[in-house]
Amino acid sequence: MCDPISIIGLAFSIGSAVANYQAQEDMANQQNAANDAWVAYQRRKSQEYQAQDEARRKDAEAGREGALSELSADKQKQAQANEQSRLTTALTPDDIAAMAKGDRLAVDKELLAGQQNGDQGIKGNIEAQIQAAAQESRKRIAALAAVQSYGGSQYGLTNRANTIFNAAGQDIRMASDMRQGDLAAYNVAKAVEPIKIVQHGGQSLGGIAAGGAKAAGGGLGNAMASSMGAFG
Amino acid sequence: MGGKSGPSNNQMVQFEMQQAQEAKDKENLRQARLAQGKGAIDTIFGNANFGDDFYNKYTNANLDYSLPQLDDQYSKSKTGMNYDLARAGTLRSTMAGFAQGDLLKQKGINEAAIRAKADTDTAALRQSIASQQNQAYNQLYATEDPTVAANTAATSVAGAQLSQPNLQPLNAVFTPVAIGLGTALSAPYGQYSANQLVSKSPLGNGNIQQSA
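First to last, the sequence lines map onto chains A and B. Numbers 23 to 254, taken from our numbering, label the letters of the first sequence in order. Numbers 457 to 668, taken from our numbering, label the letters of the second sequence in order.
FYI, nobody ran anything at the bench for these hints, they're computed from the structure. Where is the CB? At the ideal position from N, CA and C, for every residue including glycine. It cannot be assumed that every hint is accurate.
Claimed, not checked - Using 16 Å as the maximum straight-line C-alpha spacing, the simulated EDC-like pairs for lysine to aspartate or glutamate come out as follows:
{"id": "1", "chain 1": "B", "residue 1": "LYS561", "chain 2": "B", "residue 2": "ASP509"}
{"id": "2", "chain 1": "B", "residue 1": "LYS482", "chain 2": "A", "residue 2": "ASP75"}
{"id": "3", "chain 1": "B", "residue 1": "LYS482", "chain 2": "A", "residue 2": "GLU76"}
{"id": "4", "chain 1": "B", "residue 1": "LYS534", "chain 2": "B", "residue 2": "ASP509"}
{"id": "5", "chain 1": "A", "residue 1": "LYS67", "chain 2": "B", "residue 2": "ASP558"}
{"id": "6", "chain 1": "A", "residue 1": "LYS67", "chain 2": "B", "residue 2": "ASP508"}
{"id": "7", "chain 1": "A", "residue 1": "LYS80", "chain 2": "B", "residue 2": "GLU600"}
{"id": "8", "chain 1": "B", "residue 1": "LYS513", "chain 2": "A", "residue 2": "ASP96"}
{"id": "9", "chain 1": "A", "residue 1": "LYS99", "chain 2": "B", "residue 2": "ASP509"}
{"id": "10", "chain 1": "A", "residue 1": "LYS212", "chain 2": "B", "residue 2": "ASP558"}
{"id": "11", "chain 1": "B", "residue 1": "LYS494", "chain 2": "A", "residue 2": "GLU87"}
{"id": "12", "chain 1": "A", "residue 1": "LYS80", "chain 2": "B", "residue 2": "ASP601"}
{"id": "13", "chain 1": "A", "residue 1": "LYS99", "chain 2": "B", "residue 2": "ASP508"}
Said to hold, decoys possible - DEER-style ranges, computed between Cβ atoms:
{"id": "14", "chain 1": "A", "residue 1": "LEU205", "chain 2": "B", "residue 2": "MET468", "range": "18 to 26 Å"}
{"id": "15", "chain 1": "B", "residue 1": "GLN467", "chain 2": "A", "residue 2": "ASP25", "range": "49 to 57 Å"}
{"id": "16", "chain 1": "A", "residue 1": "ALA62", "chain 2": "B", "residue 2": "GLN583", "range": "23 to 31 Å"}
{"id": "17", "chain 1": "B", "residue 1": "MET468", "chain 2": "A", "residue 2": "ALA207", "range": "16 to 24 Å"}
{"id": "18", "chain 1": "A", "residue 1": "PRO26", "chain 2": "B", "residue 2": "MET468", "range": "19 to 27 Å"}
{"id": "19", "chain 1": "B", "residue 1": "ASN590", "chain 2": "A", "residue 2": "ALA77", "range": "23 to 31 Å"}
{"id": "20", "chain 1": "B", "residue 1": "ALA579", "chain 2": "A", "residue 2": "LYS131", "range": "38 to 46 Å"}
{"id": "21", "chain 1": "B", "residue 1": "GLN583", "chain 2": "A", "residue 2": "PRO115", "range": "28 to 36 Å"}
{"id": "22", "chain 1": "B", "residue 1": "THR499", "chain 2": "A", "residue 2": "ALA55", "range": "53 to 61 Å"}
Claimed, not checked - To give an idea of the chain A side of the interface with chain B (calculated C-beta under 10 Å), a few residues:
{"id": "23", "residue": "ARG65"}
{"id": "24", "residue": "ARG78"}
{"id": "25", "residue": "SER91"}
{"id": "26", "residue": "GLN98"}
{"id": "27", "residue": "ARG108"}
{"id": "28", "residue": "PRO115"}
{"id": "29", "residue": "GLN157"}
{"id": "30", "residue": "ALA183"}
{"id": "31", "residue": "ARG195"}
{"id": "32", "residue": "ALA197"}
{"id": "33", "residue": "SER198"}
{"id": "34", "residue": "ALA213"}
Based on the sequences and whatever the hints tell you, model everything.
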């Protein structure tokens, strides 16, 4: 026969074990829920970051492609031609331009004293030479304008390209700065760990169950010893 | 217990694997964009667009500005030499041949120098375009990698600078050969000698005037 203490100890042990199991199951469920929440949070943050980063990359890409399209050969050649035309006008003195076009009044202003009322044949020859000189001058100025239009004039190819690159570079820089900030914020979000559920009092329940088992085991041992003695 | 937490752990692992896959996909896309972007830049700045035609136009503009100055000076020097030779009565002489040869040699050397300068200036233009291409590469990488953007933006300010060709008017490049110096001096010297002789004449003073 088992003594009452052993029976009570056994019952207590079983009860404690059941309680312990339920507590652990509850803890596991809470941990699962925490893990699920963490995964959902991380997924959401990842998606937000990816979308934000892609949008900012596209901003930078738009700036870069815009610059590149402005630097295409056709655009650059057109810009050079426009600048050459602008410079040709800007560099050519008005009187030279007028004389080159054959403006008689402009040409006659260049005649020396006494030539105005001289022989028409001689005067005509002098006028033709002045006009030819003006045309030659204009041709040379046009060549100068062409040379300048490739380089350091206001809207020359080099200055134009630098302006375009600088503008695009600032767009890219701003987008990149924001992307780095987004990445830093996302790294903080990634460092968030899932909640760790800890079973409070679990050890005491286990200790109680162990104590109960120990008491029940001791009682059972005594009972069995008595029974053996009776048989002996 | 373990069975309950298994699926959730698995979900976390699945999430991390998904993240790894997304990172890989993203990197593949990035590399594809880099390759495509580099190809576009290579095309824009390649020979098909910025070929010899483009650079020859610049060379020719450079020469069109500089060579006429040389031709102008050569023409004036040649005309002056022609007059000098005629005045000296040496238009058809060995001296004339020497002077013409010297002038032509100077023209050749100066023209070669002008052409060499135009060629060097065109090389600078090529470098400028190459620098643009390099900037375009930098911006491509900056777009795809935010960490390099700041450096690229800072350096792009310096940018490509085309060293300007020498646009100053050409200095006098022809050194004329002294022509008819002896002939030109012979008349005054003859007058001087004659006057010396007259002053020593026992017939008295006098002055011999050079006839016009």
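Results of checking the hints against the structure:
A C-alpha spacing of about 31 Å is found between LYS561/B and ASP509/B, which places the hinted pair above 16 Å, so the restraint is violated. Only pairs whose Cα atoms come within 16 Å are accepted, and LYS482/B paired with ASP75/A is accepted, the gap being roughly 11 Å. The hinted pair formed by LYS482/B and GLU76/A meets the criterion: a straight-line CA distance of about 10 Å does not exceed 16 Å. Restraint check for LYS534/B and ASP509/B: the C-alpha separation of about 35 Å exceeds 16 Å, so the hint is violated.
With a C-alpha separation of about 84 Å, the suggested pairing of LYS67/A with ASP558/B is violated against the 16 Å cut-off. Distance hint between LYS67/A and ASP508/B is unfulfilled; the C-alpha atoms sit about 53 Å from each other, more than 16 Å. The suggested pairing of LYS80/A with GLU600/B holds, with an alpha-carbon distance near 10 Å, which does not exceed 16 Å. The hinted pair formed by LYS513/B and ASP96/A meets the criterion: a straight-line CA distance of about 15 Å does not exceed 16 Å.
Distance check on the hinted pair: LYS99/A and ASP509/B sit about 11 Å apart at the alpha-carbon level, within 16 Å; holds. For the hint linking LYS212/A to ASP558/B, the alpha-carbon distance of about 84 Å lies beyond 16 Å, and the restraint is violated. As the CA atoms of LYS494/B and GLU87/A are separated by approximately 12 Å, the hinted pair is consistent with the 16 Å bound. Pair hint LYS80/A plus ASP601/B holds up; C-alpha atoms about 12 Å apart against a cutoff of 16 Å.
For the hint pairing LYS99/A with ASP508/B, the CA-to-CA distance comes to about 13 Å; that is within 16 Å, so the pair holds. For the pair LEU205/A and MET468/B, the supplied restraint of 18 to 26 Å holds, since their beta-carbon distance comes to about 22 Å. Checking the proposed 49 to 57 Å range against GLN467/B and ASP25/A shows it holds: the Cβ atoms sit about 51 Å from each other. Against the hinted window of 23 to 31 Å, the Cβ-Cβ separation of ALA62/A and GLN583/B comes to about 56 Å, which falls outside the hint.
Range check, MET468/B to ALA207/A: about 22 Å between beta-carbon atoms, so the 16 to 24 Å window is met. In this structure, PRO26/A and MET468/B break the distance hint of 19 to 27 Å, their C-beta atoms being roughly 50 Å apart. For the pair ASN590/B and ALA77/A, the beta carbons lie near 28 Å from each other, so the given range of 23 to 31 Å is met. In this structure the hint that ALA579/B and LYS131/A lie 38 to 46 Å apart at CB holds, the actual value being about 44 Å.
For GLN583/B and PRO115/A, the Cβ-Cβ distance of about 34 Å falls inside the hinted range of 28 to 36 Å, so the restraint holds. Between THR499/B and ALA55/A the CB atoms are about 56 Å apart, so this pair conforms to the stated range of 53 to 61 Å. Because the closest C-beta pair between ARG65/A and chain B is about 6 Å apart, less than 10 Å, the hint holds. Contact between ARG78/A and chain B, as hinted, is supported at the beta carbon level, the nearest pair being about 8 Å apart and thus within 10 Å.
Annotation: SER91/A was flagged as interfacial toward chain B, and the flag holds, the nearest CB pair being 9 Å apart, inside 10 Å. This hint holds: GLN98/A has a C-beta 8 Å from the nearest C-beta of chain B, less than the 10 Å allowed. For ARG108/A, the interface hint is violated, since its Cβ never comes within 10 Å of a Cβ in chain B; the closest pair sits about 15 Å apart. Because the closest C-beta pair between PRO115/A and chain B is about 15 Å apart, greater than 10 Å, the hint is violated.
Because the beta carbon of GLN157/A sits about 12 Å from the nearest beta carbon in chain B, more than 10 Å, this interface hint is broken. Restraint check, ALA183/A versus chain B: the minimum CB separation of about 5 Å is within 10 Å; hint holds. Evaluation of the ARG195/A hint against chain B yields a held restraint, the C-beta minimum of about 4 Å falling below 10 Å. Satisfaction of the interface hint for ALA197/A is found here, the shortest Cβ-Cβ separation to chain B being roughly 8 Å, below the 10 Å cut-off.
Among the interface hints, the one on SER198/A holds; its C-beta lies about 3 Å from the nearest C-beta in chain B, closer than the 10 Å criterion. Using the Cβ-Cβ criterion of 10 Å, the hint placing ALA213/A at the interface with chain B is not satisfied: the shortest such distance is roughly 14 Å.
The structure does not agree with the numbered hints 1, 4, 5, 6, 10, 16, 18, 27, 28, 29, 34 stated previously, though it agrees with the rest.
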